[in-house]
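Construct the complete structure from the given sequences, taking the supplied hints into account.
Listed here are the chains, written in short residue letters.
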Amino acid sequence: AQTVTQSQPEMSVQEAETVTLSCTYDTSESDYYLFWYKQPPSRQMILVIRQEAYKQQNATENRFSVNFQKAAKSFSLKISDSQLGDAAMYFCAYRNTGTASKLTFGTGTRLQVTL
Amino acid sequence: SAVISQKPSRDICQRGTSLTIQCQVDSQVTMMFWYRQQPGQSLTLIATANQGSEATYESGFVIDKFPISRPNLTFSTLTVSNMSPEDSSIYLCSVRCGYTFGSGTRLTVV
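Quick mapping for you: the protein sequence lines, in order, are chains A and B.
Quick note on our numbering: the first sequence kicks off at 103 and runs consecutively.
Quick note on our numbering: the second sequence kicks off at 38 and runs consecutively.
Treat the hints as calculated values from the structure; they're not laboratory data.
Treat the numbers as computed from the prediction; the structure is a model and nothing was measured.
Be careful, since some hints might not be right.
[Stated by the list, open to error] Derived Cβ-Cβ restraints for the label pairs, each shown as a range: (1) B:Pro45 to A:Tyr156: 39 to 49 Å; (2) A:Glu117 to B:Ser90: 28 to 38 Å; (3) A:Leu149 to B:Pro45: 17 to 27 Å; (4) B:Val99 to A:Thr162: 12 to 22 Å; (5) B:Val99 to A:Gln158: 21 to 31 Å; (6) A:Gln158 to B:Ile49: 45 to 55 Å.
Note that beta-carbon positions come from the ideal geometry of N, C-alpha and C, so glycine has one too.
Shown next, in the form of structure tokens:
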């Protein structure tokens with residue numbers, strides 16, 4: 103079974119600075135999807151960024167980018183120019199490519215943004 | 038990406054009662070997923086709901102406790118039955134289209 107590990111329960115970053123959240127996963131599959139979700143106090147799960155394993159190029163969405171290291175099974179999220187609105191729980195998730203495949207989530211990292 | 042309307046957003050229920058959570062999607066989707074997020078925890082899949090067939094439950098979840106309906110390709114309900122305080126959680130539905138989630142239902146059982 104696939105597992106997702108987030109080893110940082112909490113992180114803190116100053117406004118306008120850059121922070122990197124770590125995620126590692128375990129799988130025997132060669133093709134799969136990886137995700138970062140943001141969950142603010144409103145509890146809404148918001149998709150931040152998605153990466154297909156067959157793509158070597160790291161995904162980027164505005165201030166959010168990933169460092170995908172397939173051989174190391176590592177998938178970190180970099181947030182640049184951090185804003186107060188970035189404060190939230192961030193969950194890393196994995197999904198196989200099968201049509202019925204579920205999302206497997208890590209335990210989450212709580213990000214605080216300070217002035 | 039699909040847009041999901043989930044309700045209720047929150048509820049406080051007496052133990053022993055049941056609550057039905059609804060999710061409406063703005064487009065037709067083959068599968069809908071129901072997750073539970075216990076306080077301070079990550080998300081765990083309860084079941085996968087296909088239209089026209091019985092839901093597929095994950096280990097540790099049973100149909101008698103979490104019956105699911107999927108009457109058409111845009112709608113699903115999850116019922117939390119015979120509730121106890123241990124059922125206090127956030128419940129979320131999700132679809133693969135855009136990998137989007139509903140806004141969640143915060144359930145408190147007293």
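Okay, the hints, checked on the actual structure:
no.	hint	in the structure
1	B:Pro45 to A:Tyr156: 39 to 49 Å	holds (40 Å)
2	A:Glu117 to B:Ser90: 28 to 38 Å	violated (50 Å)
3	A:Leu149 to B:Pro45: 17 to 27 Å	holds (23 Å)
4	B:Val99 to A:Thr162: 12 to 22 Å	violated (42 Å)
5	B:Val99 to A:Gln158: 21 to 31 Å	violated (43 Å)
6	A:Gln158 to B:Ile49: 45 to 55 Å	holds (50 Å)
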